[in-house]
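Kindly generate the complete structure, drawing on both the sequences and the hints.
Heads up: the protein sequence lines correspond to chains A and B, in order.
The numbering of the first sequence is my numbering, which starts it at 1 and goes up by one.
The numbering of the second sequence is my numbering, which starts it at 1 and goes up by one.
The hints are all genuine.
Which chain B residues face chain A? A few, computed with CB under 8 Å, are given here:
| hint | residue |
| --- | --- |
| 1 | Y74 |
| 2 | A85 |
| 3 | L91 |
| 4 | F92 |
| 5 | V93 |
| 6 | A337 |
| 7 | L377 |
| 8 | T378 |
| 9 | D386 |
| 10 | R430 |
| 11 | I434 |
| 12 | G441 |
If you are wondering where the hints come from, they were derived from the structure by calculation, not from laboratory data.
Heads up, the beta-carbon is just placed ideally off N, CA and C, and yes, glycines get one too.
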Amino acid sequence: MDHGPVSDWSKDKASKFKTRIGIWMFMLYTIIYLGFILICTLDPALMASDIGGSNLAIIYGFGLIIFALMLAFVYNAICTAAEEELNDPEDFKTGEEE
Amino acid sequence: MYETSLGAIGVFVGFVLFVLWISYHFARQTKGSKGYFAAGGNIHWSINGIAFAGDYLSAASFLGICGMIATVGYDGFLYSIGYLAGWIVALFVIAEPMKRLGRFTFTDALDSKFNSKGIQLTSAISTLVVSIFYLIPQMVGAGTLVEPLLGLPHHVGVILVGTIVIIIVATAGMASTTYVQFMKGGLLIIFSISVVLITLYNGLSTHPKPNRNEPPITLKTLAATVGQDGKPVPADAAYTLIGTQEPSAGLVFAKLSNADKQGWWHLTVDENKNPIFTEAYWVTTLAVPVQDSKGASVSILYNGIPKTDSKPLQSGFIQKLIYRGESVDEIRNLSIAEFLATIKNSTIVRFLNKSFTDGSDKVMVYYQKPTSGKELLTPGVKFKVDQAKGAKLMDKLNFASLMMALFFGTAALPHILIRYYTVPTPAAARKSTIVAIAAIGLFYVLTLFMGLGAMVNGVVDLTDNNMSAPLLAKSFGITLFAIISAIAFATVLGTVSGLIVAASGAVAHDLMDRFFNMKLTDKGKVFSGKVAAIAVGCLAMFFGIIFKGMNVSYLVGWAFSVAASANLPAIVMMLFWKGTTKRGIAASIVVGIISSVGMILLSPEMYERYGMTRSAAPIGLDNPGIVSIPLSFIVLVIISLITKPEKAVAIEAR
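Following this line, the structure appears as structure tokens:
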């Protein structure tokens, strides 16, 4: 019974490395997200603290969105570099080829 | 009632024709199950990324979050933060392995090591449960949107959306769905940016106009004295007190008469603690209907006028506008930082509501609640988190549980997961997730400005805050309203299409082909998928009609909780724990569904909906994630350890 991947691509030798990096970055973000929830629940008054013209709630909230994007770009750069370094360019498909 | 705009109808019809053309175009190219369920697996990652945004940014995001921010401020933005954070789990943990292990559905990936009937059945059921929970609010939203946009009744709107979506999905499956979602995602972001830029340019005013050519909002305040009988008396002799109502302790409404007009006012105190009456809005549900100007029978009155003859009840404005430390009436052309800082330092009038019985009629009064911008830009207006304001441990757990479900739910939503099979490689899956994060993150930042813009520009419909973002656009001009409304409609089409493809895959691929082993040919599988899509589409229309008028946005929250509890533990453990067994996965999915749905059904929020008191609920939590997600993990580990293959046990024993 065929229920395997719809596309064929060669074995990605960077796969394990990418998984490890992914887990670390996930844990880093989770800690920062957890910090946000903890401040909201344990010391909500802290969220009202002024930071410039804004407050901690706005800065932390926007920060979580912007930090997610930054981490995503860094992760992609690391993964792409690892894929290029560890794989044979002749065999490895990235999805850019048409 | 909203006036129907010809421009809106034109944009809407043009949009629908374009969507149908896309479906026709791809129907000719889509051949076989690979084409139908995975768009051939050759969508470029950049297109897939925007399509992710089109798939994910449902009516709950565009209409629901903006509406919530417009009424409770920052607490609505917490949803934006949680929904976006969930993509981190998708990117770092799920994206590449999902692509590597699956073919058409996430059941494929989950079952890739096991080929287990239990996994096929349970995860297909989970896909259907989550998809149906998600579909209902989208369909109800479609009906709600079409009413003001095209002047059509609710059920016609639902049938219209259902029919268009069935055409999209049944013609070219994931291929047409992808391009509809791509177009919708792109348009939503571009026009949301436009709305925010105009909001910032127009700035802030203490007398906003909900519609360009109409006078600004003005609500009166009357000084009050206490009469000899102890009752409040308006200082202005033109007004006479008819009666008072105190629906809850300390909350007093007064019915005042002025000439031949009667209206409800809120009896409160000013800054100096002197009693005052503030003008309110009210909706009356009559025991005996009256006739409107066209002779139709109407039982709902807005401010004493038949609903069909009245304008919608729109309001919300800045009472004290403080710009750079000075009190001003108006300030234009603000930067993002100035906009937020000005709102933070100002006082905003939002509206709370309370209902009571007046004779044989039911009255809902929407009364002014001046709130400091500082309070509105910190958590706590909607969610009880502050002990100083009476928050208890259970309230805090509820909040943490919601944020947990949003974080872990995204990467477990079946209609999101199937989009990993439309790209050619795991690397493309990763890149498309990053494009999705950028697009969705940008949109969620915009929600704060659209929501706050609606809150202070007098556009919030007090009876239904879901229309806040389109109504903000309407205050800038009818053309932008027409486009934004058509996009809001497209928002429903895009998400519903994705959900129906996911449900169709679960039925045709997971259940018929794999679980029941019906040995379908490739053509047979596509045919089954199309029949399943039509069936699920009809079911969605049915639910959309019977749930009319109910606020069912909480079902999206359910979908996140169920997905996070049923699917995520199974996916994560299958990927990262070698000891995971097929029985462990199946058990964790079953326990995840039952515990999350069961806890929701027994929650205080549901008890209120059943007509009972919150305290009668056996479970104190409204959001089950904080219990059901860990429980599902624990069950998976225990069952996996118990059902560990004998060979593995024997090796360990040595």
